[in-house]
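*Asks:* Sequence:
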Amino acid sequence: MAAKSTSLFNRAIARRAIAESFKKLDPRIQFRNPVMFVVYIGSILTSGLFIQALFGHGEASPGFILAISLWLWFTVIFANFAEAMAEGRGKAQADTLRRARRDTMATKLAEARRDATAETVSATTLRKGDFILVEAGGIIPADGEVIEGVASVDESAITGESAPVIRESGGDRSSVTGGTRVLSDWLVICVGCNPGETFLDRMIAMVEGAKRRKTPNEIALNILLAKLTIIFLLATVTLLPFSIYAVHATGHGAPISVTVLVALLVCLIPTTIGGLLSAIGIAGMDRMIQKNVIATSGRAVEAAGNVDVLLLDKTGTITLGNRQAVNFIAAEGVTVEQLADAAQLSSIADETPEGRSIAVLAKERYQLRERQLSSLQAQFIPFTAQTRMSGVDIVGHNIRKGAADAIAAYVSELGGDFSSSIRAAVDEISRRGGTPLAVADGMKVLGVIELKDIVKGGIKERFAELRRMGIKTVMITGDNPLTAAAIAAEAGVDDFLAEATPETKLKLIREYQQGGRLVAMTGDGTNDAPALAQADVAVAMNSGTQAAKEAGNMVDLDSNPTKLIEVIETGKQLLMTRGSLTTFSVANDVSKYFAIIPAIFAGIYPAMGRLNIMHLATPQSAIMSAVIFNALIIIVLVPLALRGVKYKPMPAGKLLLQNVLLYGVGGLIVPFIGIKLIDMALVAMHLA
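Per my numbering, the very first residue in the sequence shown carries number 2; after that it's consecutive.
Think of the hints as simulated: they come from the structure by calculation, not from any bench.
Each hint should be verified, as a subset may be incorrect.
Said to hold, decoys possible - Calculated cross-link-like contacts (lysine-lysine; reagent style DSS-like; alpha-carbon spacing at most 30 angstroms):
1) K461 to K292
2) K677 to K292
3) K461 to K655
4) K364 to K445
5) K461 to K473
6) K473 to K364
7) K461 to K649
8) K457 to K292
9) K647 to K457
10) K677 to K649
With the sequences and hints as input, model every part of the structure.
*Replies:* Below, the structure is given as structure tokens:
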């Protein structure tokens, strides 16, 4: 996806965010954020006090009130900017997806077969259950399921990957997405939904940050911030009559002005996290988009951060999926070298990982070199789904390689025999969880090649990381228990479910959930849909069936099952970022007390001047410095809110201690330094 390369502060996004910052000054928008709404009201109030001061009836000098008012407006605008930047990054990616959507014409079929009566209609008139034919070069006009045909499809508009993918009927690769293009052959597709809202349309809506709903955790934090705001509001309001009474009681000083009280309130309430909270949540979904994962809600991203059980398919996730040749088993009367030679000849034109591994094994184990194609006068027989075998015809030899039953049928037609010893070898390989490929030369079976699914390099270390994060890993496989146990031990997973069926997957998830665990899993088939619907975090593969995508709460556009590990890390990063910045915000509010409280009361109670430990120049400069710092710290933290706190797998207790030390202690120290520097700058510029 083109938008994946979007930089943190892309100029176009920043320009749009600046414009959005002012549009968000609408009271109806500001009211959604209680903390920033108080700052917004304070900005309006001080603006009115400034106008009053211009006519000679002000409670303080017009310049001081204006300066406070402007910095309060900047605080609101900077918070709007943070949210607009997060939304803008999502909207930029939505624009990229929107460019991939196009209004096309469709070939509608009267029946579910290619040679049925056809008519050309607008894609917008298609309805669920309609049958359409898409031929090479055509755009697939709507989401649906392939019910006939096999074709390569360009999905780069969705995934960003230029390599085409195969879509065919009757399997887990049958789902197609509106807006993608058929490159070869043809497909008969049953429309799966109203084209007025294709999967591409839904993805566009998902990545539009402005339409994002708040998560339960975020709502709870908003309530906490609102309560803190109300408490400080009540406390601040009481200071005006108290200061009037104190002036009368002591006989010196002046009552606190409303402008100063507003400045105090803004510095007391948690404006930093209040201004960044929405941006953090939107940016969490945006980081999913950066990984080419579409989350249907912020709730799914947040749940990913709390997952403690991870269910993973074996094939393509824990193992390579691309099977590798590991052994040659020759038939009676045939040497292993003869079998390896024939297997290599049949694999010269085979560009699949399996074919290349056969040629490499023959070369490494028996020193057989690949022959020059020109000298062989070879005619290669390509693999087809119908024959399920491939091969090569050379002078005096007709070599075929393929599925055991396909080769058995081939040699039987020629009058040959598939011996019981070869059948036994095929059965033994299958029992071990491997894949047998038979090789024949004409009517004579030469032997069997054993293919094995290889455990991915580094996957054991990834599972160790997850274990350190407190996450239990469970491998799901259809293999027999012995094969599953061997692969599970090699991969380093904590547990496995062998001979898995949709019912057993669903039962396992429910058992974990009843024990208070949060479960994540991946899937791509219709038979995965019940388990995906039950899981707390369900990542469906974009290449999978429509049923799987509808059941999941995330869709991986790259169809990479290992992405689930990254999804969990991103979810944890979201929770960490929110927690870290909340800690920082509360801590730096404490520091601001030491700037403003002495400045407010030193005139009434001279002993309060001892609390001016920063030695700020004047009460006015102290208040001004705190308000300026309060505004600037939001804009300084915007990159961190968008990028997220760096996540490292470690126990929760250690992680909490590290964040308290870094963001708690840091939040106490940084304001002392920042406010003092601003105070010095104001004095140097004769503004205080």
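*Asks:* Against each hint, give a clear statement of whether it holds in the structure.
*Replies:* Evaluated hints:
1. A C-alpha spacing of about 22 angstroms is found between K461 and K292, which places the hinted pair at or below 30 angstroms, so the restraint holds.
2. Proposed proximity of K677 and K292 is contradicted: the alpha carbons are some 41 angstroms apart, above 30 angstroms.
3. Among the hinted pairs, K461 with K655 is consistent with the structure: their alpha-carbon atoms are about 23 angstroms apart, no more than 30 angstroms.
4. Distance hint between K364 and K445 is fulfilled; the C-alpha atoms sit about 23 angstroms from each other, no more than 30 angstroms.
5. In summary, the hint linking K461 to K473 is supported, as the alpha carbons are separated by about 13 angstroms, within the 30 angstroms threshold.
6. Simply put, K473 and K364 have alpha-carbon atoms about 41 angstroms apart, too far for the 30 angstroms limit, and the pair is violated.
7. This hinted pair checks out: K461 and K649 have alpha carbons roughly 17 angstroms apart, not beyond 30 angstroms.
8. Proximity of K457 to K292 is assessed by CA-CA distance (about 20 angstroms); at most 30 angstroms being required, the pair is judged to hold.
9. At most 30 angstroms may separate the alpha-carbon atoms for a hinted pair to count; K647 and K457 meet this at roughly 26 angstroms.
10. Simply put, K677 and K649 have alpha-carbon atoms about 34 angstroms apart, too far for the 30 angstroms limit, and the pair is violated.
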